[in-house]
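Just so you know, full-length UniProt numbering puts 21 at position 21 of the sequence shown, and the rest follows in order with no gaps.
If you are wondering where the hints come from, they were derived from the structure by calculation, not from laboratory data. One or more of the hints may lead you astray.
To be verified - If you anchor each label on the Cβ, the simulated ranges turn out as follows:
(1) Leu9 / Gly191: 49 to 59 Å
(2) Arg189 / Ala265: 26 to 36 Å
(3) Glu448 / Thr34: 43 to 53 Å
What the hints assert, rightly or not - The list that follows gives simulated cross-link-like pairs (lysine to any residue, SDA-like), each with its CA atoms no further than 25 Å apart:
(4) Lys412 / Leu367
(5) Lys400 / Arg352
(6) Lys192 / Arg203
(7) Lys412 / Arg446
(8) Lys400 / Tyr388
(9) Lys400 / Pro460
(10) Lys192 / Ser262
(11) Lys412 / Val348
(12) Lys400 / Pro375
(13) Lys400 / Glu315
(14) Lys192 / Glu208
(15) Lys192 / His164
(16) Lys412 / Glu329
(17) Lys192 / Val175
(18) Lys400 / Gly325
(19) Lys192 / Glu163
Predicted, not measured: the structure shown is a model, and the values here were computed from it. Cβ coordinates follow ideal geometry from the N, Cα and C atoms, glycine included.
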Amino acid sequence: MTPATLRGLLDATPAAVGCFDAALRVVYANTAFTMATGAQTGRSLEGGPLADEVRAMLEGGRAPRRVRIGTERRLPISGTLFALDDALVGMVLDAGAYEALAQLAEEQSALRRVATLVASSPEPDAVFQAVAEEAGRLLHVRSAATVRYERGQAWTVGRWADEHDPGGFVVGTAVPLADSDGITALVARTGKPARIEDYADVRGRAAELMRANGFRSAVAAPIVAGGRIWGLILVASVDVLDHDAESRLAGFAELVALALESAEARAEVNASRVRILEAGVTERRRLERNLHDGAQQRLVSLAVQLRVLEKRLGEPDEALALLRGAALELEHALAELRELARGLHPAVLADRGLAPALETLAARSPLPLHVEGVPEVRLAEPLEAAVYFVVAESLTNAVKHAEASQLRVQMKTDAGELRVEIADDGRGGADPSTGNGTGLRGLADRVEALGGRLAVESPPGGGTTVRVVLPLE
């Protein structure tokens with residue numbers, strides 16, 4: 001047999017074979033060996049997991065030796081090293097090593113397909129279905145499902161089955177968690193991966209369906225989203241499942257959690273956009289109403305008085321009274337316009353900064369407003385505006401809704417962030433999420449748009465505290 005023929009035979013065999021010289025260079029590695037170890041023909045072993053073992057073989061004699069090493073890949077590999085001559089070492093990996101690596105490659109491919117789907121931002125339902133199919137095919141089971149916990153029941157939201165499955169579980173199937181020893185109830189109670197190897201004596205509606213469909217065993221991994229047990233990935237088989245099935249399902253569970261969190265984030269962004277649009281419409285209507293009912297009416301009245309005054313110029317006393325009334329109306333109109341302008345963007349805030357603007361706000365406040373810790377240096381204009389309007393809105397709420405007797409504002413900078421705490425001693429009960437926060441939801445949107453956070457603590461009877469954290473950069 002020629003060397004070329006031998007090389008061709010080794011290239012074609014599923015056995016993983018490699019050969020190394022005294023310089024730790026890979027003289028030959030077939031495809032299976034390269035996939036298992038990463039070693040490639042013509043490359044050096046230096047720095048890799050095989051280098052020390054081959055060096056020891058070259059220095060320690062010609063007797064074959066068993067080795068087991070870890071690699072940068074997830075699976076360890078094992079095999080036999082043997083001396084071909086004084087300067088050449090061969091290695092054959094155990095048969096199971098290549099099979100395990102092929103299994104790992106299949107698993108990684110399945111996870112990549114699901115990850116790509118998640119990244120494309122589809123509806124979660126598409127991810128639920130894809131995960132069930134990929135998990136079922138990967139573990140070679142008869143059925144797989146994505147299950148959600150809701151209202152004390154386990155709902156099937158995604159399902160895959162092979163051609164032998166009788167179809168007892170379909171999307172939309174719900175089974176109660178109470179009075180059940182089934183795997184869905186077990187995961188709900190423990191929040192951990194679980195398995196049932198024999199459903200013969202398991203209680204509950206889900207167990208009855210399992211037995212009716214011919215399933216003997218099941219394995220599940222929890223889906224944890226937003227810090228809570230959202231549901232699980234489940235595979236069911238007519239045979240006992242492999243010992244590593246739980247860990248292999250965990251990757252799919254993490255991807256479902258990522259899809260859920262991404263969908264929630266998109267929904268929050270969309271809701272925020274709607275709130276911003278609605279807030280803009282509401283604010284325009286408020287300005288229109290205030291102008292119409294206030295300054296506009298006063299200016300109309302002023303115009304009427306001036307026309308009457310024009311006709312009464314021959315009657316000095318009456319003309320003087322009309323003139324004084326017109327001047328008063330004009331003063332009121334100007335005051336209302338200034339108040340509207342302050343609500344849009346106070347001139348003092350733009351001209352002099354946050355501290356003078358808050359001092360002006362405190363001077364006009366109907367209740368004591370105490371402010372401490374305002375940064376001495378000017379901050380970015382959007383940052384100053386956000387803080388000002390949060391304080392102004394909190395003051396408005398304290399006066400109109402909280403029946404507070406005072407408001408305290410404390411600020412400090414820490415680790416590149418501005419922290420603001422605004423507390424009143426009113427009756428509490430403000431909740432931005434329900435609309436009972438009176439403007440706070442819109443302020444939260446403003447703060448979040450700057451990369452910050454707004455939190456409200458408002459127990460009934462305990463006053464309201466608004467905490468804002470904003471990045472300084």
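Here is how each hint holds up against the structure:
| no. | hint | in the structure |
| --- | --- | --- |
| 1 | Leu9 / Gly191: 49 to 59 Å | holds (53 Å) |
| 2 | Arg189 / Ala265: 26 to 36 Å | holds (29 Å) |
| 3 | Glu448 / Thr34: 43 to 53 Å | holds (50 Å) |
| 4 | Lys412 / Leu367 | holds (23 Å) |
| 5 | Lys400 / Arg352 | violated (28 Å) |
| 6 | Lys192 / Arg203 | holds (20 Å) |
| 7 | Lys412 / Arg446 | holds (20 Å) |
| 8 | Lys400 / Tyr388 | holds (18 Å) |
| 9 | Lys400 / Pro460 | holds (16 Å) |
| 10 | Lys192 / Ser262 | holds (23 Å) |
| 11 | Lys412 / Val348 | holds (22 Å) |
| 12 | Lys400 / Pro375 | violated (29 Å) |
| 13 | Lys400 / Glu315 | violated (47 Å) |
| 14 | Lys192 / Glu208 | holds (23 Å) |
| 15 | Lys192 / His164 | violated (30 Å) |
| 16 | Lys412 / Glu329 | violated (44 Å) |
| 17 | Lys192 / Val175 | holds (19 Å) |
| 18 | Lys400 / Gly325 | violated (32 Å) |
| 19 | Lys192 / Glu163 | violated (30 Å) |
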